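Asks: Now for the letters of each chain:
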Amino acid sequence: MSKKNELIVLTDVMLITVVVQRGVADQVVQVAVEAGAQGATVFHAHGTGLRQKHLGILGLTVNTEKEILYIVVPAEQADSMFERIFVSAKMDTPGMGILWMTRLDKMSTYVPHDVAARFGVHTERAAG
Amino acid sequence: MAERKLRYGVYLGAVQRHKRQISFAALLEAERLRPKRPPLRAVDLHRLLTPYVSVRFSEQLRAVVPLALMLIGFQALALRTSLLDADSVALGIMAVIIGLMFFMEGVKIGLMPLAENVGFQMPGKTHPAVLLSFSLLLGAAATFAEPAIGALQAAASAISPERAPWLRQLLGPYVHWLVLAVAGGVGLAVSIGMLRTMFGWKLKTMVLLIMPPTLALTAWCAQQPELASIIGLAWDCGAVTTGPVTVPLVLAVGVGVAASTGRSDNPLSGFGIVTLASIFPILAVLSTAIYLTSQGSGAMLPVLPPVADGWYNRTPFAEIISALRAIVPLVLLLVLVQTRLLGQSIRHRNIFVYGIGMAVAGMLLFNLGLTEGLVALGEQAGNNVPWAFSENRETGAPPLYPFALGIGLTLAFAFAIGFGATVAEPALNAMGMTVENLTDGAFRKRMLIHAVAVGVGVGAALGVARILFHLPAWVLLLGGYTIALALTVISREEIVNLAWDSAGVTTGPVTVPLLLALGIGLGEVVGAAEGFGILAMCSVGPIISVLGTGLWIDMKTRRRKRRSKKV
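Chains as they are written, first to last, in full-length UniProt numbering: chain R, 1 to 128; chain A, 1 to 567.
Please keep in mind that the hints were generated in silico from the structure rather than gathered at the bench.
Just so you know, these numbers come straight off a predicted model, no measurement behind them.
Don't take each hint at face value.
Only pairs whose alpha carbons sit at most 20 Å apart, straight line, appear in this in silico SDA-like list of lysine to any residue [claimed, not checked]:
hint, chain 1, residue 1, chain 2, residue 2
1, A, Lys-19, R, Gly-47
2, A, Lys-19, R, Asp-92
3, A, Lys-19, R, Gln-77
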């Protein structure tokens with residue numbers, strides 16, 4: 001059986017970070033959840049991008065108030081998720097935002113005991 | 001059905017986005033070599049513009065349409081009259097909506113950053129006396145730019161020159177005096193507001209000091225036959241001035257001053273200026289009127305019908321000139337302070353120019369739509385409403401309803417307009433949130449909005465009743481403000497700030513022309529000398545209702561505390 005004081009480290013995880021205009025995050029989260037993401041963290045931020053400056057007067061239509069999303073996904077789903085988000089956030093239009101994906105060394109969160117038990121009994125580190 | 005084989009991989013390749021890896025550095029390098037802006041597809045333009053425009057459009061739509069529908073609906077359902085010149089009214093209202101959208105956006109991106117910068121930099125860099133005179137000029141210039149101020153002039157034509165000669169004079173040949181008096185009043189209020197921020201004076205004390213003399217002057221004016229008709233206008237001017245330009249501009253400067261004097265921790269530092277800006281113009285207009293009448297009837301200028309000769313009086317040019325006249329002083333003032341006093345250049349110059357252009361264009365459209373749309377609608381409603389209880393003025397048809405029911409309907413209609421206009425006000429929503437935080441949730445946002453809305457509604461009904469029954473304006477004003485002052489004495493400072501400011505928040509650029517025109521239309525039909533005063537009553541109402549609600553909440557929490565102590 002797994003011990004109570006155990007810490008399970010999950011591997012093969014990717015982090016997708018999305019920067020969109022304020023108000024768009026909800027829609028991106030919805031798409032990501034439909035594509036299998038467990039959830040997302042949204043920050044409020046402020047900033048301008050490269051394309052926004054190039055737009056000239058049209059750049060005014062781009063809100064400088066931004067939302068940043070962190071979506072943690074398994075490596076297998078990451079590429080398709082990346083594409084879904086690109087399409088749903090309409091990133092092929094200048095000023096709509098940016099997204100990137102980074103490999104995470106490790107990730108850790110609550111894992112139900114019975115699920116953890118399925119991956120084998122936790123063993124104490126060899127004494128001594 | 002013919003069978004066709006397709007490799008799954010080929011299908012996916014066609015459906016999915018094609019991926020290609022390019023080094024980011026290489027991309028930047030390639031873009032640097034090509035200075036031109038990338039061509040935008042139609043869909044890109046749609047994606048960029050549609051959300052931007054629709055948010056701002058619907059903001060104004062929500063402010064205008066419910067009120068307009070209420071006015072039209074009441075005429076259609078209760079009075080069974082249809083709208084005259086429906087096309088031009090609809091076009092006018094459309095112009096008002098689009099004009100307000102442009103104007104607000106232009107002010108936001110053109111003037112606000114400048115005002116904020118000046119507000120933050122000036123207190124540290126200049127002498128307080130310079131700051132005070134700047135505040136004076138800023139208040140005055142912002143008043144010129146207030147869209148609702150044009151509504152006063154639009155209302156002039158309906159005043160009878162025989163029964164209210166000096167009122168007609170003030171709105172006719174002396175209209176520049178009137179506007180200057182209002183602007184001067186607001187300027188004075190802003191600089192006193194700055195002093196208040198610097199020294200931390202209490203609004204309660206200030207109100208108790210300023211209000212009684214104002215009321216006394218009003219009562220004195222009411223005894224003079226020449227001045228009695230001015231009172232309604234003077235008190236309405238107070239309500240006109242605190243609109244969507246003055247309030248945020250002055251607040252931007254005020255916040256900077258508060259920060260530099262170390263009083264920024266006071267969440268109420270922004271409040272109060274609105275109150276002062278609605279009281280001082282009353283004094284200024286009354287004083288101007290007293291001065292003018294003291295010159296005797298020799299000073300009366302002939303009321304000339306507007307002459308339509310010369311290119312500058314024709315439709316598009318006259319409006320362009322008045323739009324420029326409204327905005328240019330404010331822009332000049334801010335630019336001069338920024339470049340000369342602070343020695344800074346204007347950042348993002350093309351965006352600044354674009355913002356000013358938008359503001360001028362918006363003001364132009366608003367002015368074009370004001371007379372045709374809002375004023376026409378309000379006047380028609382005012383003309384038609386008395387038919388509910390008295391004989392139709394034109395056709396001589398008998399009244400639609402028995403007298404009591406007709407009067408009741410009319411007052412209910414006035415209440416509905418006041419209430420509806422207030423509930424939709426976005427500024428009030430923002431205020432409500434501040435208040436909920438300030439009072440630790442004791443004063444709920446919904447409760448504030450409803451208290452203000454009921455106050456405005458009752459005020460509107462009282463204002464209409466005053467015109468219908470030929471009651472003297474000063475009696476109502478004196479009564480209303482005496483109650484308000486009495487409640488002020490026993491209320492806490494926070495609630496006093498809140499209540500007196502909520503009066504100014506409610507009178508936006510849509511409500512003012514509609515209510516002014518409604519009152520003047522009503523006054524014309526029932527034979528009153530003038531139809532001003534509805535706005536003034538709409539300002540007293542919320543002061544009393546919010547103060548009352550505040551006291552009631554205080555009493556409730558005190559009782560609860562006492563009970564919990566006993567337990």
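Asks: Now, for every hint given, state plainly whether the structure supports it.
Replies: The hints, checked one at a time:
1. A:Lys-19 - R:Gly-47: Violated. Lys-19 (chain A) to Gly-47 (chain R) sits at ~28 Å, over the 20 Å cutoff.
2. A:Lys-19 - R:Asp-92: holds, 13 Å
3. A:Lys-19 - R:Gln-77: holds, 16 Å
In summary, the one numbered hint that this structure violates is 1.
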